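Peer 1: The chain contents come next:
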Amino acid sequence: MNLDLHIITKELCKNFTLNSNNQNVLKNINFQSNRGEFVSVIGRSGSGKTTLLKLLAGLLNLSSGSILINNNTPESARNNKELGFISQNPALLPWYNVFENINVALKINRKTNQIYDDEKIKDILRFIKLEGIENYYPYQISGGMKQRVAIARSIIYNPDLLIMDEPLSALDEITREEIRYEILGLHEKYNPTIIFSTHNILESVMLSDRVLVLSGKSKNFIEDITIDLPRPRSSSLEDSLKVSNYVNRLKKTIYHDR
Amino acid sequence: MLKIKDILVDWINLLIYPFLSFLLIFLIWELSVNYIGVQKHLIPRPSEVVTNIFLNFGHFFLNSFYTFFESLLGFILGSAFGILLAILILFNKNIEKTLLPAAVLLKVTPIIAYAPLLVIWFGFGIFPKIIISAVVVFFPVLINTLNGLQLVDKDITDFFDSISASRSEMLFKIRIPNAFPYIFSAFRITLPMAIVGATIGEYFSGGDKGLGSLIFVASYGLDVVTLFSCALILAIISMILILCLNHIEKKIIKWQFQDHS
Ligand SMILES: Nc1ncnc2c1ncn2[C@@H]1O[C@H](COP(=O)(O)OP(=O)(O)O)[C@@H](O)[C@H]1O
Ligand SMILES: [Mg+2]
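If you're matching them up, the sequences are chains A and B in order. Counting from 1, position 174 in the first sequence corresponds to residue 174 in the numbering used here; the numbering is continuous, with no gaps. Counting from 1, position 9 in the second sequence corresponds to residue 267 in the numbering used here; the numbering is continuous, with no gaps.
Next comes chain A alone, as it looks inside the complex (with noise of 0.2 Å):
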């Protein structure tokens, strides 16, 4: 057993039954993640990724094949408030303030053994910017800062893998850069293994040590390329001839995936 894997799929399959019909959206998928591993998934929308996404959260059960978080069930997992899960969607609670949205992570499933330390929070707070406005509730701040709110409040209780689906696609293109920068950061500073879908093939190898193409035609990943760029990464890499022969082979990939 290779203490460093952090997740392991074997032979995953997914259905979804709708209307006594049976639609196959993910086949055979053998995945594995090591510890502190930035794994971004793209694919066309629609080729599985939430659903993807969701069983590695224990959100969704799988219809074959298995999960393994830490050598233990994506339930458990969950269980244990070891992973943290952002959606697209903020999904703030309207009649939480910003403290409180993030607070209500650590009141939930309160864990005896879990240590929460106020500097932590507050460091988490000054580097996702969100230092003063705490007392803003969410009509208050603008799509940006909800969704920083809501990175805070997965990381806040410290999971060591956080799984993100799209969570820039609804922001503009400078919000969008910004948070991406900031996850960079929060990833070289805590090191939590991430796993992140895009639909945005720069942003993916900007941010990652992998990236995997999942094609909604052979329900399974068509690419799995690995990021040889050094870290820590500064948006200036962005035009450097590496990122962008990254770029064109996985657009190359996506796009004769039809």
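Among the clues, some could well be false.
To be verified - Within a straight-line C-alpha distance of at most 25 Å, the following computed DMTMM-like cross-link-like pairs (lysine to aspartate or glutamate) qualify: (1) B/K508 / A/E100; (2) A/K81 / B/D268; (3) B/K431 / A/D118; (4) A/K111 / B/E427; (5) A/K107 / B/D268; (6) B/K509 / A/E100; (7) A/K81 / B/D411; (8) A/K111 / B/D416; (9) A/K107 / B/D419; (10) B/K431 / A/E11; (11) A/K120 / A/E134; (12) A/K111 / B/D419.
Derived from the structure by calculation, the hints contain no laboratory data. All values reported here derive from a predicted model rather than from experimental measurement.
Assemble chain B with the ligands onto chain A, guided by the hints.
Peer 2: Here is chain B with the ligands on its own, set in the frame of chain A:
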């Protein structure tokens, strides 16, 4: 003190225009009874109605108080049962299958049909009126609360599931607050219905207490002035309760009234 002043200013702002339009209607009404020759035993002049209320103020006040009190208690009782049953149904679908048909039956039967029965069973006094009022309030509150408890954004429940929130944590942290706007929109419908329920209960008690009883007696005596007085007072009671409700709603569900903050 400042707060009370704010509330008063709010209300004055809210009431000034309706007040002016009522004044205009009353003026036209008064003048048409006087000069066009509408028969006075069918439609009294508004000044007569208002004078009647002031001349018999103690009498009207006492009876209004009964109606107001019964409506309010009926409203609270019916709402409490509606909300409680909705929460029970959320936790156990079998309760829905068992109790909902009975609740629907109660809903589709016009109150006119069972109001006299309740008066016969429970006798005079305020109890049957409270029950009638509660019964009409119960169903809309139940249905709306149930909707509000269930219609939670999927992404929000996904987040709570991702940290394995328990059912009671989900209930108190998201389902109940999510239901508030739904519950209040039910209240806006059921509050006037509660007054109707209490008044009908009083009507069937004959010459007992409450505005409904005054209506009963006056209708036999063809006393249109009293009938109009009761109508006016009932409208005012409804208005006051609705205004209070709006005020409480704005305090509780701030996030629904973004423009005001
Ligand atoms: N709850 C569901 N019931 C039925 N079909 C679903 C459900 N969720 C997703 N699907 C189907 O699964 C496929 C993949 O969807 P999804 O995982 O959302 O893709 P992506 O996130 O890559 O856009 C789509 O064809 C979609 O229609
Ligand atoms: Mg998706």
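Peer 1: Hints first: check each against the structure and report whether it holds.
Peer 2: Going down the list of hints, with the structure as the test:
no.: 1; hint: B/K508 / A/E100; in the structure: holds, 20 Å
no.: 2; hint: A/K81 / B/D268; in the structure: violated, 47 Å
no.: 3; hint: B/K431 / A/D118; in the structure: holds, 23 Å
no.: 4; hint: A/K111 / B/E427; in the structure: holds, 14 Å
no.: 5; hint: A/K107 / B/D268; in the structure: violated, 38 Å
no.: 6; hint: B/K509 / A/E100; in the structure: holds, 18 Å
no.: 7; hint: A/K81 / B/D411; in the structure: holds, 21 Å
no.: 8; hint: A/K111 / B/D416; in the structure: holds, 20 Å
no.: 9; hint: A/K107 / B/D419; in the structure: holds, 14 Å
no.: 10; hint: B/K431 / A/E11; in the structure: violated, 38 Å
no.: 11; hint: A/K120 / A/E134; in the structure: holds, 15 Å
no.: 12; hint: A/K111 / B/D419; in the structure: holds, 15 Å
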